[in-house]
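**Student:** Use the sequences and the hints to build the structure in full.
Chains C and S, in that order, give the protein sequences. First residue of the first sequence? That's 1 in the numbering used here, and the numbers climb one at a time after it. First residue of the second sequence? That's 1 in the numbering used here, and the numbers climb one at a time after it.
In short, the hints are calculated from the structure, not lab data.
The list makes no distinction among identical chains, and a pair is therefore deemed to hold if it is satisfied within one copy or across any two copies.
In the BS3-like style, the derived pairs of lysine-lysine whose C-alpha atoms are separated by at most 27 Å in a straight line are:
(1) K119 <-> K109
(2) K257 <-> K18
(3) K257 <-> K212
(4) K202 <-> K257
Number of protein chains: 2
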Amino acid sequence: MKPQTCRQFTLAARPTGKVKESDLAFREVEIPEPADGEILVHNEYFSLDPSMKGHMEDRSDYRAPLQIGEVMAGRSVGTVVKSRHSEINEGDQVFGFLGWSDYTVTNGKSIPVHVYHEKVNPEAALGVMGGTGMTAFFGLTRIGEPQSGDVLVVSGAAGATGNVAGQIGRILGCHVIGIAGSDDKCRMLGDELGFHATINYKTEDVGEALDKLCPNGIDIYFDNVGGDILNECLARLALHARIVLCGGISHYNLEQKPPGPDNYFNLVFRRAKMHGFLLSDFSESFDEAREQLRSWYEQGELIQKSTVIDGFTCLPQALVKLFDGYNLGKMMVRND
Amino acid sequence: MKPQTCRQFTLAARPTGKVKESDLAFREVEIPEPADGEILVHNEYFSLDPSMKGHMEDRSDYRAPLQIGEVMAGRSVGTVVKSRHSEINEGDQVFGFLGWSDYTVTNGKSIPVHVYHEKVNPEAALGVMGGTGMTAFFGLTRIGEPQSGDVLVVSGAAGATGNVAGQIGRILGCHVIGIAGSDDKCRMLGDELGFHATINYKTEDVGEALDKLCPNGIDIYFDNVGGDILNECLARLALHARIVLCGGISHYNLEQKPPGPDNYFNLVFRRAKMHGFLLSDFSESFDEAREQLRSWYEQGELIQKSTVIDGFTCLPQALVKLFDGYNLGKMMVRND
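**Tutor:** Structure follows, in structure tokens:
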């Protein structure tokens, strides 16, 4: 049932420390009308991502910050319900930074969208083929440069990006070790997603476990968390190792910067690199990546794992839960 | 005057904290005789390098450690005084890890040597064309990937590797900023070696100075020191910056690891990389590099800066002085 008004969440306050539900404000507005050349999208699934916190903060690090009172930014997938656009039709499925709103108007460029003329599974559109899936794809393939037989360690491995990075590593012939924060997550990685080994960092000594699981060192470390786990991996690099710096969820909740990794100098002894990237660096190759991911997904090699919370009004709560590590795989909210 | 005996320094104790003269022991032995296929080299100039401390320590980081009682390892340049080798002649000049000894015997492979059939300036053979010059060359060109117009910051800029890295950057069209520890060193970099700007880290606030000198950020940071200066540079990276991790002289004197660089996460926001390397990674290209460096040197584009201390018995003292930052350019001892 489509709502008669357009519900939205706007940025009410910039988060300090952990994100709180009260950092977002609910409002209802009239459903917007698309002008000539525009489409009206009904958003059906909303993506929750750690990077959202950076977007809510007043930092010029890599993206213009949201202004207080603006509609919360975020990726979603939805259906075109009205089109005055020459190439996008009613019924088409679209994906993009459409924001926390029941409906969004765009000409496809003001807010760039990817159009699926043939619908795909919306969870996969947000997950393995979405922003986090492509982040995993480019980070692993372009920065990690995996070779068959490489030992790949992924932290935040049960998260949206981590689980896909590990799965792609498995597809490409790596020996994949996932680090996650619960036995349930570790079981899911091993039993469902084909990780070769897992470490529960809350109950195991990560350094000791790595010593056992990769006695010859780590060829690729796909880092989603930073902090101590990054430092333990730095201490155990194989020659010419690559550290893919994808995120640092252990950073996002802190008001103060945590200490730097004091094992970084091992990069010299191991002739290794630590390389940061953002998905946007690879925008020219998005279509190619999505095609590859879709193909692996449709062949059943790449599994979509989601934690889906129902109801538009749950969006702020879902964001808080994301930072509490509640999700297995991609955290998303399904519109009601 | 050639000595009638062969003086040597051996490793007497593994250094803890700073290197001390007493970590080395003097002895005299008979001058060795070359066997069939071997040469006898009289060592004339000895290179002093920060990496020697790592070699003296019992660490398996990247090279087999010296054993107590063994002749101290180090690069030198000398003249072949006896040859029973088919391709190396008496009078040839050779360069290699010949050790702290008046005389060294090798077949050219047990201790690999580079042979100059036509003699070059021995200071340049150890300096701009030696291990530190080639380290600067490969670090800057292969890891730093300089483009004309890039802002290049070099720390330890008055040191043996740093001054050459900065000069090569200047030759390749970079805007070169050198960080060094005295006004004399800074003057030398600007007046003699063509650095575009300098920072005396002992009297200036490095962060503020960098803000003024490179308002658009740092494209390449050639790191010879680690520590706070690395962290200040991490905070000021341009997009797609490259950090060349060459050494960390601020590390070598410490018994405890210093804190890691807590600005490392800026590598993500700036899509930048931090890449360690060792000279030995590029051994296949040594001859090519030496040719390029020699050509720049002979054309007067690359200046050899040395601090030369006279007398074989000064070797331990010279090593201590190296870690005190006594040298401008390449630290070496001339044999008497």
